[in-house]
Amino acid sequence: MIKTRFAPSPTGYLHVGGLRTALYCYLFAKKSGGKFALRIEDTDQERFVPGALENLIDTLHWVGITYDEGPIKKDPTDKNSEIIEKGPVGPYIQSKRTAIYKEQVQKLIDAGQAYRCFCTKERLDEMRERQTANKQAPMYDRKCLDLPQSEVEEKIKAGEKFVIRQKIPYGTLKFKDLIRGNVQFDGKTIDDQVLIKSDGFPTYHLANVVDDHFMEITHVIRGEEWLPSTPKHIALYQAFGWQHPEFAHLPLLLNADRSKLSKRQGDVAVEDYIKKGYLREAIINFVAFLGWNPGSGEEQEIFSLEELEKAFSIDKVHKSGAIFNLEKLDWFNWRWKKRLFNAELEKAAKEIDPAVVISEARKEQFTYTFSDPENEEKFFKSRCEKLLKICSEYLPKEFLNDEKLTKALITVEEKILREPKDIKDHISFYFTPQEYSKELLTHVKMGVDLSQATISLKSGKEDLEKLSDWNLKTLQDTLMQTVARLGVKNGQLLWPLRAALSGLEFSPGVFELAWVLGKEETLKRLETAVNKI
RNA sequence: GGUGCCAUCGUCUAAUGGUUAGGACAGCGGGUUUUCAUCCCGUAAACGGGGGUUCGAUUCCCCCUGGCACUACCA
Numbered sequence: 001m002i003k004t005r006f007a008p009s010p011t012g013y014l015h016v017g018g019l020r021t022a023l024y025c026y027l028f029a030k031k032s033g034g035k036f037a038l039r040i041e042d043t044d045q046e047r048f049v050p051g052a053l054e055n056l057i058d059t060l061h062w063v064g065i066t067y068d069e070g071p072i073k074k075d076p077t078d079k080n081s082e083i084i085e086k087g088p089v090g091p092y093i094q095s096k097r098t099a100i101y102k103e104q105v106q107k108l109i110d111a112g113q114a115y116r117c118f119c120t121k122e123r124l125d126e127m128r129e130r131q132t133a134n135k136q137a138p139m140y141d142r143k144c145l146d147l148p149q150s151e152v153e154e155k156i157k158a159g160e161k162f163v164i165r166q167k168i169p170y171g172t173l174k175f176k177d178l179i180r181g182n183v184q185f186d187g188k189t190i191d192d193q194v195l196i197k198s199d200g201f202p203t204y205h206l207a208n209v210v211d212d213h214f215m216e217i218t219h220v221i222r223g224e225e226w227l228p229s230t231p232k233h234i235a236l237y238q239a240f241g242w243q244h245p246e247f248a249h250l251p252l253l254l255n256a257d258r259s260k261l262s263k264r265q266g267d268v269a270v271e272d273y274i275k276k277g278y279l280r281e282a283i284i285n286f287v288a289f290l291g292w293n294p295g296s297g298e299e300q301e302i303f304s305l306e307e308l309e310k311a312f313s314i315d316k317v318h319k320s321g322a323i324f325n326l327e328k329l330d331w332f333n334w335r336w337k338k339r340l341f342n343a344e345l346e347k348a349a350k351e352i353d354p355a356v357v358i359s360e361a362r363k364e365q366f367t368y369t370f371s372d373p374e375n376e377e378k379f380f381k382s383r384c385e386k387l388l389k390i391c392s393e394y395l396p397k398e399f400l401n402d403e404k405l406t407k408a409l410i411t412v413e414e415k416i417l418r419e420p421k422d423i424k425d426h427i428s429f430y431f432t433p434q435e436y437s438k439e440l441l442t443h444v445k446m447g448v449d450l451s452q453a454t455i456s457l458k459s460g461k462e463d464l465e466k467l468s469d470w471n472l473k474t475l476q477d478t479l480m481q482t483v484a485r486l487g488v489k490n491g492q493l494l495w496p497l498r499a500a501l502s503g504l505e506f507s508p509g510v511f512e513l514a515w516v517l518g519k520e521e522t523l524k525r526l527e528t529a530v531n532k533i
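Sequential numbering from 1 applies to the first sequence in the numbering used here.
No lab work stands behind these hints, which were simulated from the structure alone.
Don't take each hint at face value.
Said to hold, decoys possible - Below, a list of computed lysine-lysine pairs in the DSBU-like style, where the Cα atoms sit at most 30 Å apart: (1) Lys-276 to Lys-155; (2) Lys-174 to Lys-155; (3) Lys-347 to Lys-319; (4) Lys-74 to Lys-35; (5) Lys-438 to Lys-310; (6) Lys-260 to Lys-415; (7) Lys-458 to Lys-519; (8) Lys-421 to Lys-338; (9) Lys-260 to Lys-174; (10) Lys-176 to Lys-310; (11) Lys-350 to Lys-473; (12) Lys-466 to Lys-489; (13) Lys-338 to Lys-316; (14) Lys-275 to Lys-135; (15) Lys-79 to Lys-107; (16) Lys-310 to Lys-404; (17) Lys-519 to Lys-466; (18) Lys-86 to Lys-155; (19) Lys-197 to Lys-276; (20) Lys-363 to Lys-424; (21) Lys-319 to Lys-35; (22) Lys-350 to Lys-263; (23) Lys-197 to Lys-275; (24) Lys-121 to Lys-310; (25) Lys-473 to Lys-389; (26) Lys-319 to Lys-263; (27) Lys-415 to Lys-381; (28) Lys-415 to Lys-473; (29) Lys-157 to Lys-176; (30) Lys-407 to Lys-363; (31) Lys-276 to Lys-176; (32) Lys-161 to Lys-107; (33) Lys-174 to Lys-319; (34) Lys-121 to Lys-102; (35) Lys-350 to Lys-438; (36) Lys-386 to Lys-421; (37) Lys-363 to Lys-275; (38) Lys-135 to Lys-260; (39) Lys-31 to Lys-397.
Could you build the full structure based on these sequences and the hints that come with them?
Structure (structure tokens):
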């Protein structure tokens, strides 16, 4: 039975690199029908951050990565829910396991594989300084390795602080990495690692190895920054007489300058991206493709978590680091927004009318044909409601009471999907006419000067006045007839009308504008424009 | 300094002992019954260098170079 684990230290937030590690661990376990555990590595008392664990659990829950074992919230939907532990080999929080580490490390001491070290920080600092000055690798000089037992006992009795160090064996330490193949280190180049700190807490190295062993982890999948310390872990497994798990060291996530992804150069917390409005699907999809892809010429890039579970394979994971490129994230996000919104519309359409005909007019843009105009009306309403739900919090109250709103939202659907919080900028002109200069009504490239604009505005107004059935289709037909009547290019008529109705350089098209504004307001705005010239 | 890892378009990447080295993002150009956007089409853009092995290397091996990580009583 395969079992992986994600073992973050609770630093306050979930790092996007951590998210990817968690994702790969999750996918690897899922793929093989194994188990996935969450373990909290909180052995550094100085770095305790209140609320960090809760945050971590919430974020993992939000993105949809579930685990079989580890700390969970009794009620995942409740922010303040109590944290309980799930699984047979807990506790899964290292600070609750200190007795286990002490017991295990004693075995190492008894076997001569670890020793107490009484060296002070000052001595250590001085030693390293000297070594560096002499162009030597800074390493512990094993001063306390062969301290006589009597002296050790004396020092302990005198209350001297000590740490417990691992005695790294001379000789080759090698292992096979699932991603990098055979890797080996010379034991002589590896420092005698501290296993137990003077505060009695274990270091990462000890806790990690002991826990992975007792939690029966079969595959350790973690970031590449751990590669250099893996031989220490191998040595530890050997010292304990345990079989070590398989290792897979993931390529790093990088800043634009190819250094390890860091806070200084942008947002690294998953919650930062949540706050910015990125979808979980997009974040997962993007992060999954940083350092992995399905290969074999597969060109699909949009994958849901379920699809990833099927497609994932650890031997397709890359060796070299990947730059965390926001532009691509934006693209994934956009794709997912459209996909999800379309899925919602489809569901709504089928609920209203099971016989609805849905056809893809162009990529990810569908037309819904209902047999009954009543159904069409219902669908229209439902569509507006969905849009409203996305952006209502960003709308001024007076807009909500205006009957123009539903139509207005439909005309800026794409903008809402893109950036809901900018919605006000896109529709306020419907409610409050914009101030604009008469030059806006002209367009050199389209051949619209002020006199042409006047003709266009007057003619358009004239024809629209006669129109009684005011809808998108009739508006379009009418104005295209006006174009024909005047013998001008589309833009020569349509540009000034659009500008007059919106008062903006960029806006939805004229037909939609007129449709939303209604006959009275449309004619009024055209009149205003004519008078302006 | 030491140890280790890595190396295909600007970025994410595919494929291959013989290919016009493919896709996506970003860029640029054009089109989409008016503008921005969307969408569509097109375009430019890569095998770090040197040795081998081979009939033939981007692909396999070695060296160099470059980049990165680690080098704490942090993880």
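For each hint, the structure was consulted:
For a cut-off of 30 Å, the pair hint linking Lys-276 to Lys-155 is broken: about 56 Å separates their Cα positions. Pair hint Lys-174 plus Lys-155 does not hold up; C-alpha atoms about 37 Å apart against a cutoff of 30 Å. Between Lys-347 and Lys-319 the alpha-carbon distance is near 42 Å, which puts this suggested pair outside the 30 Å criterion. At roughly 20 Å between alpha-carbon atoms, Lys-74 and Lys-35 fall within 30 Å of each other, so this suggested pair holds.
A C-alpha spacing of about 59 Å is found between Lys-438 and Lys-310, which places the hinted pair above 30 Å, so the restraint is violated. A threshold of 30 Å between alpha carbons decides the hint, and for Lys-260 with Lys-415 the separation of about 35 Å lies outside it, so the pair is violated. Annotation: proposed proximity of Lys-458 to Lys-519 holds, straight-line Cα distance about 15 Å (limit 30 Å). As the CA atoms of Lys-421 and Lys-338 are separated by approximately 17 Å, the hinted pair is consistent with the 30 Å bound.
Proximity of Lys-260 to Lys-174 is assessed by CA-CA distance (about 26 Å); at most 30 Å being required, the pair is judged to hold. A distance of roughly 25 Å separates the Cα atoms of Lys-176 and Lys-310; the hinted pair therefore holds under the 30 Å criterion. Annotation: proposed proximity of Lys-350 to Lys-473 holds, straight-line Cα distance about 25 Å (limit 30 Å). For the hint linking Lys-466 to Lys-489, the alpha-carbon distance of about 22 Å falls within 30 Å, and the restraint holds.
This hinted pair checks out: Lys-338 and Lys-316 have alpha carbons roughly 29 Å apart, not beyond 30 Å. For the suggested pair Lys-275 and Lys-135, the alpha carbons sit about 48 Å apart, so the restraint of at most 30 Å is broken. With a C-alpha separation of about 42 Å, the suggested pair Lys-79 and Lys-107 falls outside the 30 Å cut-off, and the hint is violated. For the hint linking Lys-310 to Lys-404, the alpha-carbon distance of about 46 Å lies beyond 30 Å, and the restraint is violated.
Proximity of Lys-519 to Lys-466 is assessed by CA-CA distance (about 10 Å); at most 30 Å being required, the pair is judged to hold. With a C-alpha separation of about 42 Å, the suggested pair Lys-86 and Lys-155 falls outside the 30 Å cut-off, and the hint is violated. With a C-alpha separation of about 40 Å, the suggested pairing of Lys-197 with Lys-276 is violated against the 30 Å cut-off. Of the pairs offered as hints, the one joining Lys-363 and Lys-424 holds, with about 27 Å between alpha carbons and a cut-off of 30 Å not exceeded.
The hinted pair formed by Lys-319 and Lys-35 meets the criterion: a straight-line CA distance of about 25 Å does not exceed 30 Å. Taking the CA atoms of Lys-350 and Lys-263, the gap is about 46 Å. The hint is violated against a cut of 30 Å. With a C-alpha separation of about 38 Å, the suggested pairing of Lys-197 with Lys-275 is violated against the 30 Å cut-off. Between the alpha carbons of Lys-121 and Lys-310 the distance comes to roughly 51 Å, so the proposed pair goes past 30 Å and is violated.
Among the hinted pairs, Lys-473 with Lys-389 is consistent with the structure: their alpha-carbon atoms are about 28 Å apart, no more than 30 Å. Note on Lys-319 and Lys-263: the hinted pairing holds, with a Cα-Cα distance of about 23 Å set against a maximum of 30 Å. With a CA separation close to 18 Å, the supplied pair Lys-415 and Lys-381 stays within the 30 Å bound. Taking the CA atoms of Lys-415 and Lys-473, the gap is near 23 Å; set against the 30 Å cutoff, the hint holds.
Distance restraint check for Lys-157 and Lys-176: the Cα-Cα separation of roughly 44 Å exceeds the 30 Å cut-off, and the hinted pair is therefore not satisfied. Taking the CA atoms of Lys-407 and Lys-363, the gap is about 23 Å. The hint holds against a cut of 30 Å. At most 30 Å may separate the alpha-carbon atoms for a hinted pair to count; Lys-276 and Lys-176 exceed this at roughly 41 Å. Restraint check for Lys-161 and Lys-107: satisfied, since their Cα atoms lie roughly 20 Å apart, inside the 30 Å limit.
The straight-line distance between the Cα atoms of Lys-174 and Lys-319 is roughly 18 Å, inside the 30 Å bound, and the hint therefore holds. For the hint linking Lys-121 to Lys-102, the alpha-carbon distance of about 22 Å falls within 30 Å, and the restraint holds. Of the pairs offered as hints, the one joining Lys-350 and Lys-438 is violated, with about 47 Å between alpha carbons and a cut-off of 30 Å exceeded. For the given pair, Lys-386 sits about 15 Å from Lys-421 by alpha-carbon distance, which is consistent with the 30 Å threshold.
With a C-alpha separation of about 29 Å, the suggested pairing of Lys-363 with Lys-275 holds against the 30 Å cut-off. Note on Lys-135 and Lys-260: the hinted pairing holds, with a Cα-Cα distance of about 26 Å set against a maximum of 30 Å. Note on Lys-31 and Lys-397: the hinted pairing is violated, with a Cα-Cα distance of about 49 Å set against a maximum of 30 Å.
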